[in-house]
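Kindly generate the complete structure, drawing on both the sequences and the hints.
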Amino acid sequence: AQSVTQLGSHVSVSEGALVLLRCNYSSSVPPYLFWYVQYPNQGLQLLLKYTSAATLVKGINGFEAEFKKSETSFHLTKPSAHMSDAAEYFCAVSATGNQFYFGTGTSLTVIP
Amino acid sequence: DTAVSQTPKYLVTQMGNDKSIKCEQNLGHDTMYWYKQDSKKFLKIMFSYNNKELIINETVPNRFSPKSPDKAHLNLHINSLELGDSAVYFCASSQVRGLETQYFGPGTRLLVL
Numbered sequence: 344a345q346s347v348t349q350l351g352s353h354v355s356v357s358e359g360a361l362v363l364l365r366c367n368y369s370s371s372v373p374p375y376l377f378w379y380v381q382y383p384n385q386g387l388q389l390l391l392k393y394t395s396a397a398t399l400v401k402g403i404n405g406f407e408a409e410f411k412k413s414e415t416s417f418h419l420t421k422p423s424a425h426m427s428d429a430a431e432y433f434c435a436v437s438a439t440g441n442q443f444y445f446g447t448g449t450s451l452t453v454i455p
Numbered sequence: 054d055t056a057v058s059q060t061p062k063y064l065v066t067q068m069g070n071d072k073s074i075k076c077e078q079n080l081g082h083d084t085m086y087w088y089k090q091d092s093k094k095f096l097k098i099m100f101s102y103n104n105k106e107l108i109i110n111e112t113v114p115n116r117f118s119p120k121s122p123d124k125a126h127l128n129l130h131i132n133s134l135e136l137g138d139s140a141v142y143f144c145a146s147s148q149v150r151g152l153e154t155q156y157f158g159p160g161t162r163l164l165v166l
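Chains as they are written, first to last, in my numbering: chain A, 344 to 455; chain B, 54 to 166.
A few of these clues could be false.
To be verified - Straight line, CA to CA, 27 angstroms or less: simulated DSSO-like cross-link-like pairs of lysine-lysine: (1) B:Lys93 - A:Lys392; (2) B:Lys72 - A:Lys392; (3) B:Lys124 - B:Lys62; (4) A:Lys392 - A:Lys412; (5) B:Lys120 - B:Lys72; (6) B:Lys75 - A:Lys411; (7) A:Lys401 - B:Lys94; (8) B:Lys120 - B:Lys75; (9) A:Lys392 - B:Lys124; (10) B:Lys93 - B:Lys72; (11) A:Lys412 - B:Lys97; (12) A:Lys392 - B:Lys89; (13) B:Lys75 - B:Lys93; (14) B:Lys75 - B:Lys124; (15) B:Lys94 - B:Lys62; (16) B:Lys93 - B:Lys124; (17) A:Lys411 - A:Lys401.
By construction, these hints were calculated from the structure, which means they are not laboratory data. All figures in this text were calculated on a predicted structure; none of them were measured in a lab.
Rendered as structure tokens:
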């Protein structure tokens, strides 16, 4: 079975500061890992995904994530937060081909 | 062109009513999904469906039923609506079940009074 845990349901950063959103996964087989973003009143949009190629994955809007098997982590980072980054972020895992498992989400607030 | 579309965007109805939400994808994907997002933003998969197999989350009440007239459409029918059904419902699609990127629709905000 697979699952993801997102540490911190709410994260606040100042504009221009580093963004770090944490995701740990559990999977008995090599996983595919995803980060999605949900802006207010919108659907989910893919930020980036890891599919067993490079461990450092670059996504849209300056976000990137690093797959660390030893830590079972897939944390999302962005060097400098922008006001437009304020949104809900979801980590997800898939391994068996049957289902996605989403984390509980992290709400990012960017303080001007 | 919108990749995954849902109608209606908002749905307000009374308890006990039956309603449907429509979903269409123009990506040529084989698999479609329905998710429920509650007020705390928690996403729960309800169904995944392709032309071969329907997988139902066992926690979903049988008042909910997916219906697919063709590969591009997966509608959600809800019978005897209850207050607890109020949520945002998202449709999604992917080329292959599970492993590939899922593309989400804009959501349908259901309010049961």
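Tell me the numbers of any earlier hints that the structure contravenes, in ascending order. 2, 6 and 16
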